[in-house]
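Protein chains: 2
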Amino acid sequence: MADEVVLLGFWPSMFGMRARIALAEKGIKYEYKEEDLRNKSDLLLKMNPVHKKIPVLIHNGKPICESLIIVQYIDEVWNHKSPLLPSDPYHRSHARFWADFVDKKVNGVGGKLWDTKGEEQEAAKKEFLEMFKTLERELGGKPYFGGETFGFVDIALVSSYTHLQVFYERFCKFRMEAECPKIVAWVKRCKQKESVAKSLPDQKKISDFLSKWFEPDVAED
Amino acid sequence: MADEVVLLGFWPSMFGMRARIALAEKGIKYEYKEEDLRNKSDLLLKMNPVHKKIPVLIHNGKPICESLIIVQYIDEVWNHKSPLLPSDPYHRSHARFWADFVDKKVNGVGGKLWDTKGEEQEAAKKEFLEMFKTLERELGGKPYFGGETFGFVDIALVSSYTHLQVFYERFCKFRMEAECPKIVAWVKRCKQKESVAKSLPDQKKISDFLSKWFEPDVAED
Numbered sequence: 381m382a383d384e385v386v387l388l389g390f391w392p393s394m395f396g397m398r399a400r401i402a403l404a405e406k407g408i409k410y411e412y413k414e415e416d417l418r419n420k421s422d423l424l425l426k427m428n429p430v431h432k433k434i435p436v437l438i439h440n441g442k443p444i445c446e447s448l449i450i451v452q453y454i455d456e457v458w459n460h461k462s463p464l465l466p467s468d469p470y471h472r473s474h475a476r477f478w479a480d481f482v483d484k485k486v487n488g489v490g491g492k493l494w495d496t497k498g499e500e501q502e503a504a505k506k507e508f509l510e511m512f513k514t515l516e517r518e519l520g521g522k523p524y525f526g527g528e529t530f531g532f533v534d535i536a537l538v539s540s541y542t543h544l545q546v547f548y549e550r551f552c553k554f555r556m557e558a559e560c561p562k563i564v565a566w567v568k569r570c571k572q573k574e575s576v577a578k579s580l581p582d583q584k585k586i587s588d589f590l591s592k593w594f595e596p597d598v599a600e601d
Numbered sequence: 381m382a383d384e385v386v387l388l389g390f391w392p393s394m395f396g397m398r399a400r401i402a403l404a405e406k407g408i409k410y411e412y413k414e415e416d417l418r419n420k421s422d423l424l425l426k427m428n429p430v431h432k433k434i435p436v437l438i439h440n441g442k443p444i445c446e447s448l449i450i451v452q453y454i455d456e457v458w459n460h461k462s463p464l465l466p467s468d469p470y471h472r473s474h475a476r477f478w479a480d481f482v483d484k485k486v487n488g489v490g491g492k493l494w495d496t497k498g499e500e501q502e503a504a505k506k507e508f509l510e511m512f513k514t515l516e517r518e519l520g521g522k523p524y525f526g527g528e529t530f531g532f533v534d535i536a537l538v539s540s541y542t543h544l545q546v547f548y549e550r551f552c553k554f555r556m557e558a559e560c561p562k563i564v565a566w567v568k569r570c571k572q573k574e575s576v577a578k579s580l581p582d583q584k585k586i587s588d589f590l591s592k593w594f595e596p597d598v599a600e601d
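Going down the list, the protein sequences come from chains R and E. So for the first sequence, my numbering puts the first residue at 381; every next one is plus one. So for the second sequence, my numbering puts the first residue at 381; every next one is plus one.
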């Protein structure tokens, strides 16, 4: 029996992009179903009754939820090509640490920039730059976070990058190319990969989406 | 060369307890070093420069940080006995989902109970009970979260339980035995295991610690 693979997503979601990139890296064919988050489908509510969130990967009828867990699942099930996590336990724990860093630190600070003003916003800007500096140090001279090949941490971070770019262009004075040249080169390298290029949405569309998301009244004027 | 295993911890930390239980399950001998979190050791700052937090497992000089990542590392390296995660990728993703649920939902709501008042606190109480009901449903008729044997999700949750008990006894009117009898039976079952019994601190000591943590002025009077 052929595998039946379905992905429930929402196009601007960085978490959904992670699953798409991982599936593309493995060359897995799947059916993509776009969710309307204001009117969630019965399928989504049935497949992820605890969080009721996308993405959900449905593999032969069974749901896998939470984006980093989905990427690990994809790597473990389709292990015939493009390993995403290292095979050595220490290096695997290192990859998990940095993917977790992206979830805990990177993904919260963008919203903080938009939601705050004055001193609080200045603190968020400082945090934002420090976070990138930390990532720049971790990347070092390697082409990808895991080393020579594109993997787990690259997927976790590059999926957020389109959003992050909107945030720093809008709120931060620093020039990314000057502050974190290795990160900028890494993003370009990632975007040259077909799996990434075809999974990331257009920068302008994400910018418009985030404006409406954070400032619905202004956007509707 | 024998393995050199060191654990940096702080006795009331539920995250530190996770690492201790996992090491005990595997029968690994290690050196435990208690940290003073107001005056962190050079070793901690060197081994976890990003988060500067315990627990850190140092295995032959290499650091592994973040409690759930540590437990997975322990399971992968010392795989000769007591598997903590299932071998099947789907069941493994399921275990990761519920351990992640504990991190995202369970561990935040206790502090919310203490930090809020009035309507906000009532909402936190409701959330607290719903969270336990969700866990009760997930446990169902199984002896442990993973099925017949003690594993990853059990470690994640039982480490928090001593703290959770302080929270619900102090703030919530519900009787745990009446609302979630399966969870109560599960806790007793876990505590009968030597690995858990010797890793969890005394309930009264945790209660005193949390009072000082959340209400330092009152506790010092």
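Heads up, a few of these hints could be off.
Chain copies aren't distinguished; within one or between two, either way the pair holds.
Claimed, not checked - DSBU-like, lysine-lysine: derived pairs with alpha carbons at most 30 Å apart:
| id | residue 1 | residue 2 |
| --- | --- | --- |
| 1 | Lys420 | Lys506 |
| 2 | Lys505 | Lys409 |
| 3 | Lys432 | Lys485 |
| 4 | Lys432 | Lys562 |
| 5 | Lys513 | Lys484 |
| 6 | Lys432 | Lys522 |
| 7 | Lys426 | Lys513 |
Hints listed in this document are in silico derivations from the structure and should not be mistaken for laboratory results.
Outcome of the hint check:
Proximity of lysine 420 to lysine 506 under the C-alpha cut-off of 30 Å is restricted to the inter-copy arrangement: shortest distance 24 Å between copies versus 37 Å within a copy. When the C-alpha separation of lysine 505 and lysine 409 is checked against a cutoff of 30 Å, the pair qualifies neither within a copy, at 40 Å, nor between copies, at 45 Å. Taking the shortest alpha-carbon separations for lysine 432 and lysine 485, both the intra-copy value of 23 Å and the inter-copy value of 14 Å come in at or below 30 Å. In this assembly of identical chains, lysine 432 and lysine 562 lie within 30 Å of each other by CA distance solely across copies; the values are 25 Å between and 37 Å within a copy.
In this assembly of identical chains, the alpha carbons of lysine 513 and lysine 484 lie at most 30 Å apart whether taken from the same copy (16 Å) or from different copies (26 Å). Only between protomers do lysine 432 and lysine 522 lie at most 30 Å apart by alpha-carbon distance; the minimum there is 25 Å, versus 38 Å within a single protomer. Taking CA atoms no more than 30 Å apart as the test, lysine 426 paired with lysine 513 passes between copies only; the shortest distance there is 18 Å, against 41 Å inside one copy.
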